[in-house]
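2 protein chains.
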Amino acid sequence: MLDLAIIGGGPAGLTAGLYATRGGLENVVMYEKGMPGGAITQSSEVENYPGIKEVVSGMDLMASWPEQCMRFGLKHEMAEVVRVSRPEGLCFKVELSDGSVETAKSVIVCTGGTPRKAGFKGEEEFFGRGVSTCATCDGFFYRDKEVAVIGGGDTALEEALYLANICSKVYVVHRRDEFRAAPSTVKRARENGKIEFVTNVLVEEVYGDAMGVQGIRLKKKDSGEVIDLPVPGVFVFVGYDVNNRVLKQEDGSFLCDVNEYGEVVVDLQMRTSEQGLFAAGDIRIMAPKQVVCAAGDGANAAIGAIAYVEHLHRENLC
Amino acid sequence: MLDLAIIGGGPAGLTAGLYATRGGLENVVMYEKGMPGGAITQSSEVENYPGIKEVVSGMDLMASWPEQCMRFGLKHEMAEVVRVSRPEGLCFKVELSDGSVETAKSVIVCTGGTPRKAGFKGEEEFFGRGVSTCATCDGFFYRDKEVAVIGGGDTALEEALYLANICSKVYVVHRRDEFRAAPSTVKRARENGKIEFVTNVLVEEVYGDAMGVQGIRLKKKDSGEVIDLPVPGVFVFVGYDVNNRVLKQEDGSFLCDVNEYGEVVVDLQMRTSEQGLFAAGDIRIMAPKQVVCAAGDGANAAIGAIAYVEHLHRENLC
Chain A
2 MLDLAIIGGG PAGLTAGLYA TRGGLENVVM YEKGMPGGAI TQSSEVENYP GIKEVVSGMD
62 LMASWPEQCM RFGLKHEMAE VVRVSRPEGL CFKVELSDGS VETAKSVIVC TGGTPRKAGF
122 KGEEEFFGRG VSTCATCDGF FYRDKEVAVI GGGDTALEEA LYLANICSKV YVVHRRDEFR
182 AAPSTVKRAR ENGKIEFVTN VLVEEVYGDA MGVQGIRLKK KDSGEVIDLP VPGVFVFVGY
242 DVNNRVLKQE DGSFLCDVNE YGEVVVDLQM RTSEQGLFAA GDIRIMAPKQ VVCAAGDGAN
302 AAIGAIAYVE HLHRENLC
Chain B
2 MLDLAIIGGG PAGLTAGLYA TRGGLENVVM YEKGMPGGAI TQSSEVENYP GIKEVVSGMD
62 LMASWPEQCM RFGLKHEMAE VVRVSRPEGL CFKVELSDGS VETAKSVIVC TGGTPRKAGF
122 KGEEEFFGRG VSTCATCDGF FYRDKEVAVI GGGDTALEEA LYLANICSKV YVVHRRDEFR
182 AAPSTVKRAR ENGKIEFVTN VLVEEVYGDA MGVQGIRLKK KDSGEVIDLP VPGVFVFVGY
242 DVNNRVLKQE DGSFLCDVNE YGEVVVDLQM RTSEQGLFAA GDIRIMAPKQ VVCAAGDGAN
302 AAIGAIAYVE HLHRENLC
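Protein chains in written order, with this note's numbering: chain A, 2 to 319; chain B, 2 to 319.
To be clear, the hints were calculated from the coordinates, so they are not data collected in a lab. Mixed in with the good hints, there may be bad ones.
A pair counts as met if it fits within one copy or between any two copies, since identical chains are not told apart.
Claimed, not checked - Within a straight-line C-alpha distance of at most 25 Å, the following computed BS3-like cross-link-like pairs (lysine-lysine) qualify:
1) K34 / K54
2) K54 / K76
3) K249 / K195
4) K222 / K188
5) K221 / K290
6) K195 / K34
7) K221 / K122
8) K222 / K94
9) K54 / K290
Model the full structure from these sequences, guided by the hints.
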């Protein structure tokens, strides 16, 4: 029986493990089938994690975390969790892909989210080297330069507005000439002097060299005309998958409340609607999707889990 | 006219400044009359800020933050803010103690809080070297050792329960034999085998040497009997002052909603009830009072301020 199962090994999961074990919880396991570190390990440059003033790769940023966070007894199990459930009135069940089941008094789910790929040539090759899915993270690297934003939803246009504060020009590249984004957001983007719309186009490829992206080639859907934008940065916002699969029950419902996007509803203490179940990092509603925010969430959730488990012990509920 | 005024220069304020300037806001000033760094600079040992795996002093932990956070244009003004107000429909007014006034489109308030002193001999001398006001921060340094908790409120007993997970014994030292804490919390503490109540006593002094605390001397209020507890750690929870003075208006009301303890009410995006005014770190409701959480709040609030200011520009409100 675990005091706490942590699902996911990014900044939120690692920090939750550090705080939970340092706070006295025993048998705390972090389930992460790959190496710990999270999505940030795919970034080539990070300069906004406070306390690390050098510009470092995401991999380097996270290199010291596992040792620090596991020093107090956190165990890392390289296993895939397929489902977290809770039989009525009992402890949580953590089902692994090999068919085994562990029980836990409390659970913190921090499995993050995955930006969708647009599917053009060069997208994977240049990811983290000119192709980005995070304006807050990477926009500054293109200060006073031109960038392209791919997408037509709210996120794409809001991120374009964010980038317009920093970059000299922002091309919004969209395959249609209508936008899913809220009309007021479209209006603000249209009225922004730094934003130029390039619509009814398909992205052919992002091209570059060993140093990174040098441009993006588009094709007009009607005329077939090729448009070349020689931009060093391409931001892709064509959707986002919240990694909430482990919370999905056999009947298709979720173990706790999620919003219309599948993000887990939490309060300021990272408590979900299910007692003893916490969420932290990019999986939760309103996540700023920043390493320092995810880590803060993890600490916050762990402090809640410690109090919850202490309470359980007194009540002999589990 | 500032895009953003940040009131307070701890982890929340510094991180807010980093994110705001890196996100393109201009004229961003952090008001902190002393050196930046915040309350954590009074701690002698920190080992739970993720990414800094060495055990460092709070001063060393924060040493690199100002340079990193000010690299993108954040200005530090060593001035004391006496009040933030907002004349109807206009921008914020930031009043300084020298009588000057600055205007700002948005404000992030992160002035933290101050644990109250119990007032015994040795309390200041050994603060950060055995006397602590944070169980989450410092409890682990007394693993399998005995500690004393001073206080009789909810925080004191909840922190005692937290410490009981880690320490071999927790003395709860209280000057009365009745507790302000919720009866259910008192009951849980009484039933905890590691917690021993020492009531109706006054704290005479905390004593020790250059290495830190060696014990605490108490005096029975009725008999005058002296009790010596040879503990290396003393946790003081006798109240907490939220540093919300800058939000207090001339008529005694607050600029935004605060709760019964004076903590600023925020949502998950650190927005207060006043549009364009954000709160971050220990001043807000439900603050976990951890450096990483305060820093996460600061990033979160800055992202909100950037969006708010961008929106203002379009609407020409300010």
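Hint check results:
Taking CA atoms no more than 25 Å apart as the test, K34 paired with K54 passes between copies only; the shortest distance there is 23 Å, against 30 Å inside one copy. In this assembly of identical chains, the alpha carbons of K54 and K76 lie at most 25 Å apart only when taken from different copies (17 Å versus 30 Å within one copy). Taking identical chains as interchangeable, the C-alpha atoms of K249 and K195 are never at most 25 Å apart, the minima being 43 Å within one chain and 40 Å between chains. For the identical chains of this complex, K222 and K188 are intra-copy neighbours only, at 24 Å inside a copy versus 72 Å across copies, given an alpha-carbon limit of 25 Å.
For the identical chains of this complex, K221 and K290 are neighbours neither inside a copy (33 Å) nor across copies (54 Å), given an alpha-carbon limit of 25 Å. Taking CA atoms no more than 25 Å apart as the test, K195 paired with K34 passes in neither setting, with 43 Å inside one copy and 38 Å between copies. Only within a single protomer do K221 and K122 lie at most 25 Å apart by alpha-carbon distance; the minimum there is 17 Å, versus 79 Å between protomers. For a Cα distance limit of 25 Å, the shortest separation of K222 from K94 qualifies neither inside one copy, at 51 Å, nor across copies, at 52 Å.
With identical chains, the CA atoms of K54 and K290 are at most 25 Å apart both within one copy (20 Å) and between copies (23 Å).
Comparing the model with each numbered hint stated earlier shows that hints 3, 5, 6, 8 do not hold.
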